[in-house]
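**Q** Listed here are the chains, written in short residue letters.
2 protein chains.
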Amino acid sequence: MDAEKLSWGICPVGRGLARAGDAWSMLILRDAGLGQTRFDDFQKGLGIAPNILTKRLAALVEAGLLERRRYNDRPPRDEYVLTEAGRDYLPVLQALGGWARKHFGEGAMSDLVDANSGRTVTPLVVDAETGVPLSEIAVTLRQPSDA
Amino acid sequence: MDAEKLSWGICPVGRGLARAGDAWSMLILRDAGLGQTRFDDFQKGLGIAPNILTKRLAALVEAGLLERRRYNDRPPRDEYVLTEAGRDYLPVLQALGGWARKHFGEGAMSDLVDANSGRTVTPLVVDAETGVPLSEIAVTLRQPSDA
Chain A
10 MDAEKLSWGI CPVGRGLARA GDAWSMLILR DAGLGQTRFD DFQKGLGIAP NILTKRLAAL
70 VEAGLLERRR YNDRPPRDEY VLTEAGRDYL PVLQALGGWA RKHFGEGAMS DLVDANSGRT
130 VTPLVVDAET GVPLSEIAVT LRQPSDA
Chain B
10 MDAEKLSWGI CPVGRGLARA GDAWSMLILR DAGLGQTRFD DFQKGLGIAP NILTKRLAAL
70 VEAGLLERRR YNDRPPRDEY VLTEAGRDYL PVLQALGGWA RKHFGEGAMS DLVDANSGRT
130 VTPLVVDAET GVPLSEIAVT LRQPSDA
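These protein sequences, in sequence, are chains A and B.
The first sequence begins at 10 in this note's numbering and counts up by one.
The second sequence begins at 10 in this note's numbering and counts up by one.
Hints in this document: simulated from the structure, not taken from any laboratory.
As the structure is a computational prediction, the values presented were derived from the model and not from experiment.
Wrong hints could be hidden among the right ones.
Since the list can't tell identical chains apart, any single copy or any two copies may satisfy a pair.
Distance condition first, Cα-Cα at most 16 Å in a straight line; then the derived EDC-like pairs of lysine to aspartate or glutamate [what the hints assert, rightly or not]:
#1 Lys-14 / Glu-115
#2 Lys-111 / Glu-76
#3 Lys-111 / Asp-50
#4 Lys-14 / Asp-50
#5 Lys-14 / Glu-88
#6 Lys-53 / Asp-11
#7 Lys-64 / Glu-76
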């Protein structure tokens, strides 16, 4: 896959995938959204090989989804915090989780809840302007040259 | 990555990623959503190696996102059509595209439009019950055992 080409291609989906288009990266972002910041915690939580985690964290920093912050000087230790673009990605993951719950939701599963009220939250992708679910709209892509 | 473990784990995001968690699969689903059904068209459109495409299509059929249909007997030729779960996945991709447009939207880019009205559609992930954008809700996960 030519991620470089996707990065600034005309397709918005391709641009998104070039930055967060593999399962490890998405699971790291999920855990960052749940408050994890440290290498060891990501590593333990995901059961990911350290060399892969190092690469994925570097790629997410490079893509502008995580910010690396030094929290200890001796020994040098960094933590990884979601940027605005990274935080903004979390609803995409939640939409993915909502889809999986709907179609593959058998057995025990975590609930997405409002941390303040405890109410269950059901992600739905809508058109921002009208509130109509995208699943009810026949959408298509208009190429830039058509504009 | 232990996709088998993710498939029926307690995390909905993990379950989703186990079924459609790599960039090729998502690009195939994107193109299926735009009406492509045939191996050669996917192959040409994506510039994907045929052996990888074969594997990804088989995995998407196995996961229940695509259905394989014989459209010609001599020579035998199959086409790949989105299932209900596959069609339902498209808004997740559109949410991803909307995110990429917002944060990495420089230069020429395709527009997501309503095929009937031609109006630009802006994907937004909201809580289905209240219509509040998920980005404005502090969400957390409740483990099944807490219920």
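**Q** So, for every hint listed, does it hold in this structure?
**A** To see whether the hints hold, each was checked on the structure:
no.	hint	result
1	Lys-14 / Glu-115	between (39 Å within a copy, 14 Å between copies)
2	Lys-111 / Glu-76	neither (33 Å within a copy, 19 Å between copies)
3	Lys-111 / Asp-50	neither (30 Å within a copy, 30 Å between copies)
4	Lys-14 / Asp-50	neither (33 Å within a copy, 19 Å between copies)
5	Lys-14 / Glu-88	neither (30 Å within a copy, 28 Å between copies)
6	Lys-53 / Asp-11	between (31 Å within a copy, 14 Å between copies)
7	Lys-64 / Glu-76	within (14 Å within a copy, 35 Å between copies)
Checked against the numbered hints above, the structure violates hints 2, 3, 4 and 5; every other hint is satisfied.
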